[in-house]
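**Student:** Model the full assembly from the supplied sequences, consistent with the hints where possible.
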Amino acid sequence: MQFDMDQFIKDRDESLASLDESKIRAYLRKYGEAPPANPEVFWMGVHKAITACRNLPFELRQKSADWLRARGSESMDDGDLATTAQA
334 MQFDMDQFIK DRDESLASLD ESKIRAYLRK YGEAPPANPE VFWMGVHKAI TACRNLPFEL
394 RQKSADWLRA RGSESMDDGD LATTAQA
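In terms of the numbering used here, the sequence shown opens at residue 334 and continues consecutively.
Hints may contain errors.
[Claimed, not checked] Once the Cα atoms are required to be at most 20 Å apart in a straight line, the calculated SDA-like pairs of lysine to any residue come out as:
#  : residue 1 : residue 2
1  : K363      : A382
2  : K396      : E354
3  : K343      : A385
4  : K381      : L361
5  : K363      : Q340
6  : K396      : R345
7  : K396      : C386
8  : K381      : Q395
9  : K356      : C386
10 : K356      : A382
11 : K396      : L352
12 : K381      : E392
13 : K396      : W376
14 : K343      : C386
15 : K396      : K363
16 : K381      : S406
17 : K396      : D346
18 : K381      : G412
19 : K363      : S351
20 : K343      : D353
21 : K381      : A350
[As the list claims (entries may be wrong)] Cβ pair distances, simulated, as ranges:
#  : residue 1 : residue 2 : range
22 : R404      : D337      : 30 to 38 Å
23 : D339      : A385      : 31 to 39 Å
24 : Q335      : G405      : 20 to 28 Å
25 : Q335      : S406      : 19 to 27 Å
26 : A415      : Q340      : 29 to 37 Å
27 : A359      : F336      : 28 to 36 Å
The hints are simulated quantities; they were obtained by calculation from the structure and are not laboratory data.
A virtual CB, placed ideally from N, CA and C, is assigned to each residue, including glycine.
**Tutor:** Below, the structure written as structure tokens:
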């Protein structure tokens, strides 16, 4: 069976943009990843992933970057979110 990258990206973007924990966990399981049991680790990973996905709306990515910053963590963007970030 051939891996369908387009479907993977579509599933990823839909699950992350939903910010629905059950949808995100289902997406991770579908692609063979074990979701973290620790809620803090789970949400940190979700928000880091959102900041790295340029397909997602800029506003969502910025909110995730702000969420991470408020918790002493850094985003995984390529620098495009830093231009509007507030210290």
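**Student:** Kindly indicate which numbered hints from before are broken by the structure, ordering the numbers from low to high.
**Tutor:** 15, 23, 24, 25 and 27
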